[in-house]
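Trainee: In order, the protein sequences belong to chains Y and Z. The opening position of the first sequence corresponds to residue 1 in our numbering, with each subsequent residue numbered one higher. The opening position of the second sequence corresponds to residue 1 in our numbering, with each subsequent residue numbered one higher.
Simulated from the structure, these hints should not be mistaken for lab results. There could be a bad hint or two in this list.
Said to hold, decoys possible - List time: in silico DSBU-like cross-link candidates among lysine-lysine, alpha-carbon distance up to 35 Å:
#1 Y:LYS321 with Z:LYS123
#2 Y:LYS189 with Z:LYS164
#3 Y:LYS391 with Y:LYS112
#4 Y:LYS399 with Y:LYS112
#5 Y:LYS88 with Y:LYS343
#6 Y:LYS369 with Y:LYS399
#7 Y:LYS346 with Y:LYS88
#8 Z:LYS164 with Z:LYS81
#9 Y:LYS399 with Y:LYS88
#10 Y:LYS193 with Z:LYS123
#11 Y:LYS399 with Z:LYS81
#12 Y:LYS193 with Y:LYS399
Single-letter residue listing:
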Amino acid sequence: MKKMSKTLAVVLALVLCVGLFAGCGGTTASTSTTTTTQTGTQTAESGEITIAFIGNTTGDYAQYGIPVRNAVVMYVEQLNANGGINGKTVKLLEYDDKGDGIESVNAYNLAKDQGITAIVGSVLTGATIALADATVEDNMPQITASATAAGVTQIDPENPDSGIRANVFRACFIDPFQGEKMADYAANKLGAKTAAILFESGSDYSEGLKDSFVAKAAELDLEVVATEAFATGDKDFNAQMTKIAGLNPDVVFLPIYYGEAGLAITQGRQAGLTSTFLGGDGFGGIKDYATAEDLEGTVYCSGYAPGTDSVAQFEADYEAKYGEPVPNMFAPLAYDAAMLLCKALKAADDAGLAAGSDEFKAAVIADLKGNDGTVGITGSYSFDEFNNPIKSAAMIVVKDGAEVFSELY
Amino acid sequence: MADFFSQVVNALQLGSIYALVALGYSMVYGIIMLLNFAHGDIIMVGAYATYFAVCQYGLHPLVAVLLAVLISTLLGVLIEKAAYTPLRSAPRLSLLITAIGVSFLLENGAQLLFGADTKSMVKTPLISGTLNLGGVTVSLAAVITIVVSVIAMIALTFLVQKTKLGKAMRAVSEDMGAAQLMGISLNRTISFTFAIGSFLAGIGAVLHVGSYFQASPMMGSMLGLKAFVAAVLGGIGSIPGAMIGGFAIGIVETLVTVAGLSTWKDGVVFAILIVVLLVKPTGILGRPMVEKV
Chain Y
1 MKKMSKTLAV
11 VLALVLCVGL
21 FAGCGGTTAS
31 TSTTTTTQTG
41 TQTAESGEIT
51 IAFIGNTTGD
61 YAQYGIPVRN
71 AVVMYVEQLN
81 ANGGINGKTV
91 KLLEYDDKGD
101 GIESVNAYNL
111 AKDQGITAIV
121 GSVLTGATIA
131 LADATVEDNM
141 PQITASATAA
151 GVTQIDPENP
161 DSGIRANVFR
171 ACFIDPFQGE
181 KMADYAANKL
191 GAKTAAILFE
201 SGSDYSEGLK
211 DSFVAKAAEL
221 DLEVVATEAF
231 ATGDKDFNAQ
241 MTKIAGLNPD
251 VVFLPIYYGE
261 AGLAITQGRQ
271 AGLTSTFLGG
281 DGFGGIKDYA
291 TAEDLEGTVY
301 CSGYAPGTDS
311 VAQFEADYEA
321 KYGEPVPNMF
331 APLAYDAAML
341 LCKALKAADD
351 AGLAAGSDEF
361 KAAVIADLKG
371 NDGTVGITGS
381 YSFDEFNNPI
391 KSAAMIVVKD
401 GAEVFSELY
Chain Z
1 MADFFSQVVN
11 ALQLGSIYAL
21 VALGYSMVYG
31 IIMLLNFAHG
41 DIIMVGAYAT
51 YFAVCQYGLH
61 PLVAVLLAVL
71 ISTLLGVLIE
81 KAAYTPLRSA
91 PRLSLLITAI
101 GVSFLLENGA
111 QLLFGADTKS
121 MVKTPLISGT
131 LNLGGVTVSL
141 AAVITIVVSV
151 IAMIALTFLV
161 QKTKLGKAMR
171 AVSEDMGAAQ
181 LMGISLNRTI
191 SFTFAIGSFL
201 AGIGAVLHVG
211 SYFQASPMMG
221 SMLGLKAFVA
231 AVLGGIGSIP
241 GAMIGGFAIG
251 IVETLVTVAG
261 LSTWKDGVVF
271 AILIVVLLVK
281 PTGILGRPMV
291 EKV
């Protein structure tokens with residue numbers, strides 16, 4: 001009896017720890033070790049400008065991190081092949097943070113020892129915020145391709161006066177923007193009167209989209225009849241979807257990633273739900289995760305419009321280099337992030353500053369902030385007061401099992 | 001009313017998978033006092049086996065199912081032989097840590113081999129379609145999940161209570177030393193227990209894939225934890241306890257969601273674990289164990 005409770009107490013502690021981790025969206029349940037991949041040699045030499053990519057190339061959600069890494073590597077290689085920055089080579093160090101905030105800060109500290117002068121990363125929202133908290137101390141230029149939570153650049157999104165991390169930028173649009181867009185689209189474009197939401201509790205991304213959707217819906221007389229949640233790792237949404245089906249809303253907003261979204265849609269249809277499903281950029285690639293029949297009419301917003309002229313060259317290059325088509329919008333956004341950063345590095349280098357110095361970093365940040373309609377492959381970039389890009393969203397509709405670009409909204 | 005009936009089916013569907021997984025935990029704990037944390041990950045491997053058999057090699061679903069169950073069973077025995085047998089006389093904590101290590105090995109190994117993204121076989125499902133039961137539509141997968149689980153549990157109860165091997169298992173769990181003196185082969189019995197537990201995990205994997213169409217490297221971790229809570233709630237080491245615990249957790253999760261508190265679903269499940277450990281650590285059906293001197 002005594003022995004058993006002791007063993008169980010140990011286990012209980014472990015279970016709670018794992019449970020805690022599982023609660024933080026985007027972190028894996030494993031206590032991972034620090035393994036960082038690294039290319040290139042030790043210290044920065046003259047004639048080189050060293051930057052780092054930090055992102056999750058392994059672990060849950062590596063399907064977001066790998067395309068980001070690939071696109072950044074591809075941009076830097078293309079840049080170097082075309083003479084680099086004023087004849088200087090851009091050296092890119094790569095670190096894997098497994099989507100974990102602690103690992104990304106560790107990676108940052110390692111990268112700093114290598115004399116980096118700017119960072120592309122991280123990929124997931126949670127890790128990016130942790131990284132931003134560290135880079136802001138050093139005024140290290142940082143640009144993320146994919147972290148969409150308001151709290152990445154703004155210190156406290158709830159409080160507009162809390163200030164921003166002036167060194168942090170992003171190439172994607174923010175969560176509140178997506179939630180608002182989709183509520184707007186539902187009410188004004190689809191004529192919806194009622195909506196239900198299924199979100200992932202504990203995920204910054206999911207809760208950010210949900211909150212802004214609810215706020216915008218209230219403005220637009222779109223009634224939110226149910227707000228259901230699930231925990232990270234859940235696969236069974238039958239109970240939630242049965243409940244939502246009973247309320248028969250016009251639209252169901254799923255601010256979650258495609259794997260869970262596919263399940264939610266399949267289970268919703270099984271429960272007899274006939275509503276239109278709406279999603280954010282996490283829906284990219286959803287066509288493989290539910291049947292064409294169940295998905296028909298599903299709409300989501302995305303950071304780029306696949307197959308259009310501006311990305312055609314990039315898509316061809318990516319496929320040639322990596323042997324697979326561009327998997328999601330994070331690759332082109334990462335390409336733009338790398339482009340914006342390298343443009344800023346060039347500006348700082350033009351000013352005759354030494355890479356790695358504080359003045360150099362400040363010049364990079366100033367150039368990023370000063371972008372005014374710089375054309376990338378996913379759209380044109382200007383940054384607002386919170387260092388968020390001002391761009392329009394591409395609406396993607398699922399038709400006959402294919403994800404089709406419908407309009408910029 | 002229709003909603004109520006659907007929710008009952010949802011609860012039973014969820015509960016029967018928890019129960020199948022909890023059985024594996026409970027049987028292994030009953031026999032060598034090991035919380036086999038790799039158990040949830042055996043389900044993950046079974047799910048991948050099903051996915052690859054159907055989607056990659058185009059095998060008949062039935063062949064895929066048999067293959068998945070076979071692979072899960074062999075994997076369970078292999079883990080026992082490679083990782084746990086050498087530690088049989090080591091302290092319990094070493095075994096526990098080894099189990100966690102095996103779990104990480106499987107999770108990260110799967111990620112390395114199969115990639116981190118979720119594999120979906122929704123386009124070629126094992127079970128598709130819906131049934132109309134008195135005006136209520138339920139998915140065929142849910143019905144099959146519940147029926148197969150119940151059959152598996154009845155078969156297990158029969159096996160443990162009526163067969164010679166079952167008797168040996170019970171004897172070993174009662175008193176390992178005495179059982180050995182009575183001429184029971186310890187190695188064989190323990191391997192057999194792992195085989196049965198993993199066989200059930202294999203069935204759980206197939207049913208999981210049948211209901212949710214997906215395989216991902218981390219799918220076993222949360223499922224395993226919830227099943228562990230189910231096993232503790234039912235009384236770890238007790239076979240009927242694991243079944244009761246599994247269904248209870250499924251019902252609780254569904255009830256919490258129906259009550260509009262889906263945000264708190266996992267919180268409630270783990271709160272149950274804490275309450276059970278504080279109030280009645282032996283669970284619903286567990287026997288109090290006396291420390292032998």
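Trainee: Hint by hint, note whether the structure agrees.
Mentor: Right, here's what the structure says about each hint:
| no. | hint | verdict |
| --- | --- | --- |
| 1 | Y:LYS321 with Z:LYS123 | holds, 29 Å |
| 2 | Y:LYS189 with Z:LYS164 | violated, 69 Å |
| 3 | Y:LYS391 with Y:LYS112 | holds, 32 Å |
| 4 | Y:LYS399 with Y:LYS112 | violated, 47 Å |
| 5 | Y:LYS88 with Y:LYS343 | holds, 13 Å |
| 6 | Y:LYS369 with Y:LYS399 | violated, 39 Å |
| 7 | Y:LYS346 with Y:LYS88 | holds, 10 Å |
| 8 | Z:LYS164 with Z:LYS81 | holds, 22 Å |
| 9 | Y:LYS399 with Y:LYS88 | violated, 47 Å |
| 10 | Y:LYS193 with Z:LYS123 | holds, 32 Å |
| 11 | Y:LYS399 with Z:LYS81 | violated, 51 Å |
| 12 | Y:LYS193 with Y:LYS399 | holds, 23 Å |
The structure shown violates the earlier hints numbered 2, 4, 6, 9, 11.
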